[in-house]
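Please put together the full structure from these sequences, using the hints given.
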Amino acid sequence: MLYAFLCCHDEALDSSCTKEQDDAVLAKRAKVTSKLAAKGKLGPAVRLMPTTTATTVRMGAQPVVLDGPFAETKEALLGFYLIDCDSLEEAIALAKDIGRDEKVVFEIRPVKLFVPEAKFVPETKAS
Amino acid sequence: MTDLSWIDPLLRSARPQAIGALLRYFRSLDQAEESFQEACLRALKNWPLNGPPRDPVAWLVLVGRNIGLDEARRSSRSGPLPPDERISDLGDAESDIAERLDSSHYRDDVLRLLFICCHPDLPSVQQIALALRVVSGLTVKEIARAFLIGESAMEQRITRAKSRVARADVAFAAPGAAERAERLAAVAAMLYLLFNEGYSASGGDRHVRAPLCDEAIRLARLLLSLFPGEPDIMGLLALMLMQHARTPARLDADDAIILLEDQDRRLWDRDMIAEGHALLEKAGRHRRPGTYQLQAAIAGVHAHAATTQDTDWAAIDRLYAALERLQPSPVVTLNRAVAVSKVQGAAAALAMIEPLAQSLDGYFHFHGLTGGLLMRLGRAGEARIAFDRAIALAHTPAEAAHIRLHLDRLIKESAPAGAK
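Chains A and B, in that order, are what the protein sequence lines are. Converting from the first sequence to my numbering requires adding 104 to each position, the first position being numbered 1. Converting from the second sequence to my numbering requires adding 3 to each position, the first position being numbered 1.
By construction, these hints were calculated from the structure, which means they are not laboratory data. You can take every hint at face value.
With a straight-line cut-off of 30 Å between C-alpha atoms, the simulated DSS-like cross-links for lysine-lysine are:
#, chain 1, residue 1, chain 2, residue 2
1, A, 178, A, 135
2, A, 123, B, 144
3, B, 48, A, 200
4, B, 48, A, 207
5, A, 178, B, 48
6, A, 132, A, 145
Model, not experiment: these values are computed from the prediction.
Here it is in structure tokens:
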């Protein structure tokens with residue numbers, strides 16, 4: 105089963121991190137994710153820009169375009185991993201491993217539809 | 004749990020909102036700060052035992068408010084100290100206050116707190132120092148180090164600034180739309196000053212003080228998250244990000260400035276640039292162009308060019324022309340002249356800035372650019388005079404060193420000619 109690991113965290117806290125602290129967290133996580141990647145279990149991982157860059161489109165008879173994220177909560181979706189896991193148990197164990205020593209919240213969501221053969225070549229690539 | 008390092012970032016990120024709310028409650032900056040400080044001390048005792056509260060800001064506001072009330076009661080009756088346990092179990096009270104301190108309150112609280120620091124009577128350095136002390140919670144020592152002055156001198160400045168704002172008449176009722184817009188504009192200007200203080204230090208021997216830039220960006224992000232539909236704040240944050248992205252490329256190993264055109268653009272922070280572009284795109288939808296948006300767009304044109312040669316100078320010329328219309332200023336014209344010199348040549352640019360000689364006579368960059376243009380036109384003698392004047396006006400050794408480089412080149416180029 106494919107699982108999406110949604111990384112949720114207090115955004116204000118996250119933006120208070122120094123670059124060094126941030127790099128340290130990513131390096132720590134890479135120890136886990138690089139093993140998954142080697143086994144072909146790691147799908148796309150995405151880090152989102154801050155919610156200040158978000159635009160919300162609320163659909164209705166007249167769609168409304170709003171500045172800002174959908175939910176104004178402290179915890180925001182900051183990014184996600186797509187990981188191939190044998191079971192929810194494994195997914196939970198991985199979440200614990202990836203987020204070790206952090207205060208992050210992972211929302212684990214089974215993926216209903218995944219289109220691996222899609223030739224997705226974005227013109228603008230995130231770094 | 005003995006490691007308390009997890010609490011610090013929580014307190015730091017809660018600070019602007021918590022102090023802003025306490026200020027609304029007590030109407031005294033000193034009292035708001037003191038009660039927040041005390042609440043933090045109790046958090047350090049309480050949180051390791053009970054775990055962090057669901058809403059740290061609400062916890063700190065409630066505890067800080069109680070402390071302030073106890074303080075007032077104690078001084079009026081000199082009764083016994085209230086036991087610490089009284090505030091250790093917040094339970095329902097916490098969710099109750101969390102409800103009342105909803106985000107619409109917080110945003111005006113934070114805005115008010117920042118706005119108080121922008122008192123027009125305060126010189127800009129004092130505005131920034133006050134904001135760093137009160138809003139960001141840097142210690143006087145840290146601020147003194149950032150401004151490269153003695154601790155006691157900085158202490159004095161901040162005390163003076165505080166007593167000045169304490170006498171100011173700041174409205175505590177929720178501001179109306181016009182007043183809110185006014186406050187936002189003043190705060191944006193102050194945050195940009197803070198950013199520039201870090202980006203181009205006004206004194207001392209270090210030209211770039213990145214932590215001040217980081218703090219300005221953090222506060223701008225906070226402001227935009229509270230006022231998500233403000234294109235000017237989007238523009239401000241975009242501008243800071245676009246400029247700060249260049250920081251890794253701005254100084255060489257000897258701390259000398261590397262000019263934009265000579266920077267290794269591979270060192271620019273692409274994440275910051277991308278975020279800046281995203282913000283500009285959002286701001287553009289509002290069709291309310293502002294000075295920050297235009298400046299950010301100019302930085303964006305530079306960011307878009309892989310090398311100096313690829314720069315779309317015509318676009319930059321157009322953006323500066325728009326900026327001139329919106330905010331006529333000799334400095335803007337001076338910057339536009341750089342673009343004009345690339346599009347139309349040094350002579351056109353020189354003609355453009357010559358009328359500015361009087362108003363920009365005390366401005367380092369004016370003489371630097373004049374010298375550079377004269378040099379390109381082969382007028383070495385006049386160029387040297389302009390460069391000498393620029394060195395005399397340089398704020399930091401890095402600025403002076405950069406001009407000296409030009410002078411050395413002039414001397415080198417003129418020496419063989421003179422020997423013949």
